[in-house]
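Asker: So the protein lines, in turn, are chains A and B.
Reminder that position 46 of the first sequence reads as 27 in the numbering used here, one-by-one numbering, no gaps.
Reminder that position 191 of the second sequence reads as 185 in the numbering used here, one-by-one numbering, no gaps.
A portion of the hints provided could be inaccurate.
What the hints assert, rightly or not - List of simulated lysine to aspartate or glutamate pairs, EDC-like, C-alpha gap at most 16 Å:
id	chain 1	residue 1	chain 2	residue 2
1	B	LYS160	A	ASP43
2	B	LYS66	A	ASP118
3	A	LYS(-17)	A	GLU99
4	B	LYS160	A	GLU21
5	A	LYS(-17)	A	GLU69
6	A	LYS3	A	ASP51
7	B	LYS160	A	ASP118
8	B	LYS160	A	ASP100
9	B	LYS160	A	GLU99
What the hints assert, rightly or not - Just a few of them, taken from the derived set where beta-carbon distance is under 8 Å, the chain A residues facing chain B:
id	residue
10	SER(-12)
11	GLU(-8)
12	GLY(-4)
13	LEU(-2)
14	LEU17
15	PHE23
16	ARG27
17	LYS31
18	TRP45
19	ASN48
20	SER50
21	THR70
22	GLN73
23	ASN77
24	GLU79
Don't read these hints as lab results, they were simulated from the structure.
Remember, it's a predicted structure, so these values are computed and weren't measured experimentally.
Note that CB positions come from ideal geometry on N, CA and C, so glycine has one too.
Below, each chain spelled out in residue letters.
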Amino acid sequence: MKLPQLSVFLENRPGSLAEPLKTLATAGINLVSISLADTEQFGILRLVLKEWQQAKAALEKDGWVVNVSDVVAIDVPDEPGGLVTMLETLAQAGINIEYMYAFCLRRNGRAVLIFRFEDPDAAMAVLNRENLGVVTDSELF
Amino acid sequence: MRARMEADTGIQAFDIYGLSEIIGPGVASECTEHDGLHVFEDHFLPEIIDPESGEPLPDGEEGELVLTTLSKKAMPMIRYRTRDITAILREPCGCGRTIRRIRRIGRRSDDMFIIRGVNVYPSQVEAALLNVEGTLPHYQIILSREQGLDQMSVEVEVTPEVFSDKVRALEEVRTRLAQAIEHILGIRVGLRLVGPHAIPRSEGKAKRVIDKRNES
């Protein structure tokens, strides 16, 4: 299923990553995953968390610009080539990946990855049809 | 934005001009003709001067508006320089009032700067930003000199409307903003997206231009 991911605009300067995370810490919200995209000028902090609505409200209250987008969590066999099979399936179906990152979670010999697809519904249709492991939120949180 | 507000609400918008240093709003106001703002000449004496030389200019010519209060008692102002650029219109108005009008204020004299021989007003940059984003984001213009050449860069605060989780989409916003400004000014500008509230808020008249060209 699709998971909501929060993105936060960060300026490229010392301390800018700690500030929004401190907001979440103060609000008592734990992160499930974190990823940072960086360019020369700015960064985009991407977060998956269970209490995403509260997190969004807390961040916005502190003046951060927050975006919510749908991502898909997929688990693949935690072994060489585990990711390749799934990527090839998506490529054959013409599914575009905007970006992806690995989730810090390994269980039962499987590793979880987060994907931002151009079209998450089309991607999930392909993955479910091929019986590739789309992870539900109850498994993650 | 004026047309949109009028269309959405069915309410007519009227420009009212004033300065907190004088009396606040009410120095001049539009009538139903919406063709300039009538100055209440029984209370204020308007003049137009050349902002560079300070010399008075005849009616109809564009320059800086200077106001003298005629009826204010506690804190009168004599030939107060408003820094607002307009022209005095002497021709009778369609509404029948005979008091003179000023043209709608589009820009301010202290905001204008010259970069590589081009006169630039922040209002031109604002028009470009507004065009791309739909609403005006907080911004600041920074002028610097690099290797003997004037450089202009614009810092624009990211708004929720344009923010995206994708780097590519944000880079596109940046490019579109820069191109819109370059299209209007005809000179190259640097554009930097900055975080919300990164640009200091000023009280009263906003400080839109930081000129660092005479530093170092």
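Asker: Confirm or reject each hint.
Answerer: Structure-based check of all given hints:
1. For the suggested pair B/LYS160 and A/ASP43, the alpha carbons sit about 22 Å apart, so the restraint of at most 16 Å is broken.
2. For the given pair, B/LYS66 sits about 69 Å from A/ASP118 by alpha-carbon distance, which is inconsistent with the 16 Å threshold.
3. Proximity of A/LYS(-17) to A/GLU99 is assessed by CA-CA distance (about 13 Å); at most 16 Å being required, the pair is judged to hold.
4. At roughly 15 Å between alpha-carbon atoms, B/LYS160 and A/GLU21 fall within 16 Å of each other, so this suggested pair holds.
5. Annotation: proposed proximity of A/LYS(-17) to A/GLU69 is violated, straight-line Cα distance about 21 Å (limit 16 Å).
6. Restraint check for A/LYS3 and A/ASP51: the C-alpha separation of about 24 Å exceeds 16 Å, so the hint is violated.
7. Between the alpha carbons of B/LYS160 and A/ASP118 the distance comes to roughly 23 Å, so the proposed pair goes past 16 Å and is violated.
8. With a CA separation close to 14 Å, the supplied pair B/LYS160 and A/ASP100 stays within the 16 Å bound.
9. For the proposed pair B/LYS160 and A/GLU99, the alpha carbon gap of about 10 Å is at most 16 Å, so the pair holds.
10. Residue-level restraint check for A/SER(-12) holds (minimum Cβ-Cβ distance to chain B is 4 Å; threshold 8 Å).
11. At its closest, the beta carbon of A/GLU(-8) sits 5 Å from a beta carbon of chain B; the interface hint therefore holds under the 8 Å criterion.
12. A distance limit of 8 Å between C-beta atoms decides the matter here; for A/GLY(-4) the minimum to chain B is near 12 Å, and the interface restraint is violated.
13. Violation of the interface hint for A/LEU(-2) is found here, the shortest Cβ-Cβ separation to chain B being roughly 12 Å, above the 8 Å cut-off.
14. For the restraint placing A/LEU17 at the interface with chain B, the shortest Cβ-Cβ distance is roughly 11 Å, beyond the 8 Å limit, so the hint is violated.
15. Given the 8 Å rule on beta carbons, the hint for A/PHE23 holds: about 6 Å separates it from the nearest Cβ of chain B.
16. With a least beta-carbon distance of about 6 Å to chain B, the hint placing A/ARG27 at the interface is held under the 8 Å criterion.
17. Taking 8 Å as the C-beta contact cut-off toward chain B, the hint placing A/LYS31 at the interface is violated, the least distance being around 19 Å.
18. Hint on A/TRP45 holds. Least Cβ distance to chain B is approximately 7 Å, under the 8 Å limit.
19. The restraint placing A/ASN48 at the interface with chain B holds, with a minimum CB-CB distance near 5 Å, inside the 8 Å limit.
20. With 8 Å as the threshold, the beta carbon of A/SER50 comes within range of chain B, its nearest partner Cβ sitting at about 5 Å, so the hint holds.
21. Proximity of A/THR70 to chain B is violated relative to the hint, the smallest CB-CB distance being about 23 Å (cut-off 8 Å).
22. For A/GLN73, the suggested interface contact is broken, since its CB lies about 24 Å from the closest CB of chain B, more than 8 Å.
23. Interface restraint check: A/ASN77 against chain B, minimum CB-CB distance 12 Å, threshold 8 Å, status violated.
24. Given hint, A/GLU79 at the interface with chain B, holds; its Cβ is 6 Å from that chain's nearest Cβ, closer than 8 Å.
The structure shown violates the earlier hints numbered 1, 2, 5, 6, 7, 12, 13, 14, 17, 21, 22, 23.
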